[in-house]
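Trainee: With the hints as constraints, model all of the structure from the sequences given.
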Amino acid sequence: MLMIEEREKIVEFGKKLITDGLTTGTGGNISIFNKELGYFAISPSGIDYFKTKVEDIVIMDLDGKIIEGEKKPSSEHEMHRYVYLNHPQAGATVHCHSTYATVLSTLRMDLPASNYIIADAGDKVVKCSRYETFGTKELAQASMEAMGQRRACLQANHGQLTWGKDIESAFNLAMTLEQLCKIHVISLSAGKPQIIEDEKMDEVLEKFKTYGQKKRD
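First residue of the sequence shown: 1, per the UniProt record's numbering; consecutive thereafter.
Because the hints were derived from the structure by calculation, they are not lab data.
Mixed in with the good hints there might be a few duds.
Said to hold, decoys possible - Cut-off 20 Å, straight-line C-alpha distance, at most; resulting in silico cross-link-like pairs (EDC-like, lysine to aspartate or glutamate): (1) 192 <-> 110; (2) 53 <-> 63; (3) 127 <-> 197; (4) 209 <-> 197; (5) 124 <-> 198; (6) 72 <-> 123; (7) 71 <-> 48; (8) 165 <-> 61; (9) 182 <-> 123.
Mentor: Here it is, written out as structure tokens:
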């Protein structure tokens with residue numbers, strides 16, 4: 001069986017999508033890319049996360065061909081494939097229908113810098129894509145256009161998409177993005193959110209380059 005470790009991580013983090021409140025039912029999907037093999041492991045379509053087994057995970061290549069797996073892959077496998085084709089640094093991708101991110105996407109609003117932590121996504125703004133039907137190349141393309149060189153985007157009337165160097169990074173960004181959207185939505189309901197000035201966000205973005213623990217030589 002190929003990519004056993006990646007399969008196990010997808011089973012683990014699929015459950016976390018539910019327990020951490022990022023989705024409901026069988027919504028959302030997760031993938032992990034193995035750069036040595038050039039394959040990605042992705043969650044199957046429509047299976048309860050708490051019933052998903054390692055053998056249910058599907059292995060695909062970057063041409064969209066199923067390499068290993070008996071189950072049907074997530075309907076959004078094109079979206080994940082496009083992330084790995086457009087972002088060589090990506091090692092994992094998370095797509096979910098978290099409440100506040102979906103609220104903003106239903107309003108078709110970009111998320112501005114109402115909180116400095118938005119820098120975690122790589123810019124001063126997280127863009128919302130145009131609406132396209134789920135499970136289509138058109139949605140994958142629209143998501144990449146909205147994402148640009150960032151690590152996240154909102155998807156109109158749908159949800160959110162994030163990537164990271166590994167599944168922990170991608171998942172943490174999805175959690176962070178949901179919290180930022182929640183802060184912004186509540187702020188909108190209370191008044192007019194004050195957006196951080198561009199020059200101040202430039203400082204934040206620069207500081208984020210050295211944030212966290214770095215490996216020693």
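Trainee: Evaluate each hint against the coordinates.
Mentor: These are the hints, each one checked on the structure:
1. 192 <-> 110: Satisfied, since the Cα-Cα distance of roughly 15 Å is no more than 20 Å.
2. 53 <-> 63: The hint is violated at about 25 Å.
3. 127 <-> 197: 17 Å, holds
4. 209 <-> 197: Roughly 19 Å separates the two Cα atoms, so the pair holds.
5. 124 <-> 198: 8 Å, holds
6. 72 <-> 123: 35 Å, violated
7. 71 <-> 48: Measuring from Cα to Cα gives roughly 13 Å; hence the hint holds.
8. 165 <-> 61: 18 Å, holds
9. 182 <-> 123: Holds: residue 182 and residue 123 sit about 18 Å apart, inside 20 Å.
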